Amino acid sequence: MTTDNPSTRSWFRHRDGRKFILECAVIIVAKLVVLIAIWYVCFRPFPRADTSPAAVEKHLLASPSQSVNPAHD
Amino acid sequence: MIDHGVVDLSRLQFALTALYHFLFVPLTLGLVFLLAIMESVYVMTGREIWKRMTQFWGILFGINFAMGVATGVTMEFQFGTNWAYYAHYVGDIFGTPLAIEGLMAFFLEATFIGLFFFGWDKLTRLQHVIVTWLLAFASSMSALWILIANAWMQNPVGAEFNLETMRMELTSLSAVFLNPVAQSKFVHTVSAGYVLGSMFVLSISAWYLLRGRNIEFAKRSMTVAASFGLLSALSVVVLGDESGYTVSENQKMKLAAIEAMWETEPAPAAFTLFGIPDLATRRTDFAVHIPWVMGLIGTRSLDGVLPGINDLVKEAEGKIRSGLEGYAAMQKLRVDRNDAQARAQFDAHKKDLGYALLLTRMNIDPPAATEGDIQKAADSTIPNVPVLFWAFRIMVACGLYFIALFAFSFWLASKRRLDQHRWYLRLALYSLPLPWLACELGWIVAEYGRQPWAIEGVLPTALGVSSVSTVQVATSLIGFVLFYTALAVVDAFLMTRYARKGPDGLGMWPPTDSHN
Numbered sequence: 001m002t003t004d005n006p007s008t009r010s011w012f013r014h015r016d017g018r019k020f021i022l023e024c025a026v027i028i029v030a031k032l033v034v035l036i037a038i039w040y041v042c043f044r045p046f047p048r049a050d051t052s053p054a055a056v057e058k059h060l061l062a063s064p065s066q067s068v069n070p071a072h073d
Numbered sequence: 001m002i003d004h005g006v007v008d009l010s011r012l013q014f015a016l017t018a019l020y021h022f023l024f025v026p027l028t029l030g031l032v033f034l035l036a037i038m039e040s041v042y043v044m045t046g047r048e049i050w051k052r053m054t055q056f057w058g059i060l061f062g063i064n065f066a067m068g069v070a071t072g073v074t075m076e077f078q079f080g081t082n083w084a085y086y087a088h089y090v091g092d093i094f095g096t097p098l099a100i101e102g103l104m105a106f107f108l109e110a111t112f113i114g115l116f117f118f119g120w121d122k123l124t125r126l127q128h129v130i131v132t133w134l135l136a137f138a139s140s141m142s143a144l145w146i147l148i149a150n151a152w153m154q155n156p157v158g159a160e161f162n163l164e165t166m167r168m169e170l171t172s173l174s175a176v177f178l179n180p181v182a183q184s185k186f187v188h189t190v191s192a193g194y195v196l197g198s199m200f201v202l203s204i205s206a207w208y209l210l211r212g213r214n215i216e217f218a219k220r221s222m223t224v225a226a227s228f229g230l231l232s233a234l235s236v237v238v239l240g241d242e243s244g245y246t247v248s249e250n251q252k253m254k255l256a257a258i259e260a261m262w263e264t265e266p267a268p269a270a271f272t273l274f275g276i277p278d279l280a281t282r283r284t285d286f287a288v289h290i291p292w293v294m295g296l297i298g299t300r301s302l303d304g305v306l307p308g309i310n311d312l313v314k315e316a317e318g319k320i321r322s323g324l325e326g327y328a329a330m331q332k333l334r335v336d337r338n339d340a341q342a343r344a345q346f347d348a349h350k351k352d353l354g355y356a357l358l359l360t361r362m363n364i365d366p367p368a369a370t371e372g373d374i375q376k377a378a379d380s381t382i383p384n385v386p387v388l389f390w391a392f393r394i395m396v397a398c399g400l401y402f403i404a405l406f407a408f409s410f411w412l413a414s415k416r417r418l419d420q421h422r423w424y425l426r427l428a429l430y431s432l433p434l435p436w437l438a439c440e441l442g443w444i445v446a447e448y449g450r451q452p453w454a455i456e457g458v459l460p461t462a463l464g465v466s467s468v469s470t471v472q473v474a475t476s477l478i479g480f481v482l483f484y485t486a487l488a489v490v491d492a493f494l495m496t497r498y499a500r501k502g503p504d505g506l507g508m509w510p511p512t513d514s515h516n
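So the protein sequences, as listed, match chains A and B. The numbers in this note's numbering rise by one with no breaks, and the one at position 72 of the first sequence is 72. The numbers in this note's numbering rise by one with no breaks, and the one at position 231 of the second sequence is 231.
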């Protein structure tokens, strides 16, 4: 039976462990960079939706110009 | 006028991101509890192998966490971009649990995950195992706040419509937090995560045994997974029953659609084991019924009646007429805010205002609605019955299979015969995708079954979208699909690589002088 030796370093502090931690950190940073890029490319150029009470009132109480059959959910 | 192209694309985008995000969440929820159990055994026995098991499965947990973290953020992007009216209309209530989740649970989780990986040499055994348990509870706390927000969409309690601000506003924080739907959804969802985590450990360990590698490591891991998995699988079914009961109280149409129950049956209603529901003819062909079961599950009584779809459509028709009264009063108040008669009329009918808004969802001006329009709007309250019917049955079948598999695994573990049947090891290995399938189908039943509502009975989904163009939504949808596909490839590569290496390939077990 192998017993614990508190003086030994954990696997995460050895070469493989450090490589693993580095990979995880790189993934998280890369993801944040990609998310920021998506924000700048896909969202930022477009105007913000108007959600003032007046606009919402208009949105809910607007008179539609035509009737169509909705697609089934 | 509502652009249904924008509505459909926005829904598709949200569904894809939610389903993708939910590939990671249940594994985080489940695997962390297995880590805590393994580390507790290490602390109690002092046996090094249990520490190495915690660290090895911790590596796979870390990959899952690193890949999953921030995949949910894109959904919050979408509240602001594609669902701006939804965000405005219900943000006063919906935003509270989301903010708490971000500020409290997520930071707790992030702190403890740092301590878990970097604290092995800094903390005592006892301190570290406490950190691991706190990490497990923080993960579940994250899920709790998200599910409180989601449950409010299914059962909007503790809020009412404010005519001045044209939005729903919070009236009781405790009612939102103690929403019975939130409680049942929370326990059901986290239990499903525990099952998934257990299956993950069981399947990969079975692969090691098939390869004749890491035998003692894999057998111990399978024993923990079988025990925890059996308890969790039993909990999922029992707590799923509770979830079904709460649906029968506040989302009768969803329950009737899951059952493809077109007509109200005499109590106690039968459960339809198999059938082919047809939306056009509103009947279920080749139906195989089990007497009483649905009535007992849905009402917990022998005389409780579960309404059928056709009766619920008639009920919706009445609510649309009531909502039209409220809508007319709202239009009068728009002209004169001090019109007392209109105010009284509005207060009497505002609970059904959402049903009148179903007409605008179909681009029909509510005051100009004809009898045919009202009927059409009432019919639109029926969700997609065949999808719900089959999604629910496949999910339940998976749940029952998990109980059988974990029970058999537990029996084998108790007899110390886990490695003696190759067919069993192959079965355990090939069962790996099933908990993910069950979890995703569970979300489809919960969210697709809520349609046509974003907020049940309050806000039709189509009215929640922003005034954006299909090009805008399509652009971001393509961006997300590319992003998530790349993540999925990297995730599959890393998980496979570390699992294939295993404890022996990583130098974790058996211990050497250089790798402890």
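It cannot be assumed that every hint is accurate.
In silico SDA-like links for lysine to any residue, alpha-carbon gap of 20 Å or less [what the hints assert, rightly or not]:
hint: 1; chain 1: A; residue 1: K19; chain 2: B; residue 2: F493
hint: 2; chain 1: B; residue 1: K122; chain 2: B; residue 2: F106
hint: 3; chain 1: B; residue 1: K252; chain 2: B; residue 2: S235
hint: 4; chain 1: A; residue 1: K19; chain 2: B; residue 2: V490
hint: 5; chain 1: A; residue 1: K19; chain 2: B; residue 2: V313
hint: 6; chain 1: B; residue 1: K314; chain 2: B; residue 2: F408
hint: 7; chain 1: A; residue 1: K58; chain 2: B; residue 2: K376
hint: 8; chain 1: B; residue 1: K350; chain 2: A; residue 2: K19
hint: 9; chain 1: B; residue 1: K219; chain 2: B; residue 2: A342
hint: 10; chain 1: B; residue 1: K501; chain 2: A; residue 2: V56
hint: 11; chain 1: A; residue 1: K58; chain 2: B; residue 2: D241
hint: 12; chain 1: A; residue 1: K19; chain 2: B; residue 2: L506
hint: 13; chain 1: A; residue 1: K58; chain 2: B; residue 2: L115
hint: 14; chain 1: A; residue 1: K19; chain 2: B; residue 2: P367
hint: 15; chain 1: B; residue 1: K350; chain 2: A; residue 2: V26
hint: 16; chain 1: B; residue 1: K219; chain 2: B; residue 2: V490
hint: 17; chain 1: B; residue 1: K501; chain 2: A; residue 2: W39
hint: 18; chain 1: B; residue 1: K332; chain 2: B; residue 2: K314
hint: 19; chain 1: A; residue 1: K58; chain 2: B; residue 2: A499
hint: 20; chain 1: A; residue 1: K19; chain 2: B; residue 2: Q420
hint: 21; chain 1: A; residue 1: K19; chain 2: B; residue 2: Q341
hint: 22; chain 1: B; residue 1: K501; chain 2: A; residue 2: R18
hint: 23; chain 1: A; residue 1: K19; chain 2: B; residue 2: D241
hint: 24; chain 1: B; residue 1: K376; chain 2: B; residue 2: W390
hint: 25; chain 1: B; residue 1: K501; chain 2: A; residue 2: L22
hint: 26; chain 1: A; residue 1: K58; chain 2: B; residue 2: A342
hint: 27; chain 1: B; residue 1: K501; chain 2: A; residue 2: R15
hint: 28; chain 1: B; residue 1: K122; chain 2: A; residue 2: K58
Bear in mind the hints are in silico, worked out from the structure with no lab data behind them. This structure is a prediction, so every number in the text was calculated from the model and none was measured.
Tested hints:
Pair hint K19(A) plus F493(B) holds up; C-alpha atoms about 16 Å apart against a cutoff of 20 Å. Using a Cα cut-off of 20 Å, the hinted pair K122(B) and F106(B) is violated, with the two alpha carbons roughly 23 Å apart. A threshold of 20 Å between alpha carbons decides the hint, and for K252(B) with S235(B) the separation of about 24 Å lies outside it, so the pair is violated. Of the supplied pair hints, the one linking K19(A) and V490(B) holds, its CA atoms being roughly 16 Å apart against a limit of 20 Å.
Distance hint between K19(A) and V313(B) is unfulfilled; the C-alpha atoms sit about 60 Å from each other, more than 20 Å. Distance check on the hinted pair: K314(B) and F408(B) sit about 48 Å apart at the alpha-carbon level, beyond 20 Å; violated. Between K58(A) and K376(B) the alpha-carbon distance is near 24 Å, which puts this suggested pair outside the 20 Å criterion. Only pairs whose Cα atoms come within 20 Å are accepted, and K350(B) paired with K19(A) is rejected, the gap being roughly 60 Å.
Distance check on the hinted pair: K219(B) and A342(B) sit about 72 Å apart at the alpha-carbon level, beyond 20 Å; violated. For a cut-off of 20 Å, the pair hint linking K501(B) to V56(A) is broken: about 56 Å separates their Cα positions. A C-alpha spacing of about 43 Å is found between K58(A) and D241(B), which places the hinted pair above 20 Å, so the restraint is violated. For a cut-off of 20 Å, the pair hint linking K19(A) to L506(B) stands: about 11 Å separates their Cα positions.
About 51 Å separates the Cα atoms of K58(A) and L115(B), which puts this hinted pair outside 20 Å; it is violated. A hinted pair counts as satisfied when its Cα atoms are at most 20 Å apart, and K19(A) with P367(B) does not qualify at roughly 66 Å. With a C-alpha separation of about 52 Å, the suggested pairing of K350(B) with V26(A) is violated against the 20 Å cut-off. Restraint check for K219(B) and V490(B): the C-alpha separation of about 29 Å exceeds 20 Å, so the hint is violated.
Simply put, K501(B) and W39(A) have alpha-carbon atoms about 37 Å apart, too far for the 20 Å limit, and the pair is violated. The straight-line distance between the Cα atoms of K332(B) and K314(B) is roughly 28 Å, outside the 20 Å bound, and the hint therefore fails. For the given pair, K58(A) sits about 56 Å from A499(B) by alpha-carbon distance, which is inconsistent with the 20 Å threshold. For the suggested pair K19(A) and Q420(B), the alpha carbons sit about 36 Å apart, so the restraint of at most 20 Å is broken.
Between the alpha carbons of K19(A) and Q341(B) the distance comes to roughly 72 Å, so the proposed pair goes past 20 Å and is violated. A C-alpha spacing of about 16 Å is found between K501(B) and R18(A), which places the hinted pair at or below 20 Å, so the restraint holds. For a cut-off of 20 Å, the pair hint linking K19(A) to D241(B) is broken: about 45 Å separates their Cα positions. For a cut-off of 20 Å, the pair hint linking K376(B) to W390(B) is broken: about 25 Å separates their Cα positions.
For the proposed pair K501(B) and L22(A), the alpha carbon gap of about 18 Å is at most 20 Å, so the pair holds. At roughly 19 Å between alpha-carbon atoms, K58(A) and A342(B) fall within 20 Å of each other, so this suggested pair holds. With a C-alpha separation of about 15 Å, the suggested pair K501(B) and R15(A) falls inside the 20 Å cut-off, and the hint holds. The suggested pairing of K122(B) with K58(A) is violated, with an alpha-carbon distance near 60 Å, which exceeds 20 Å.
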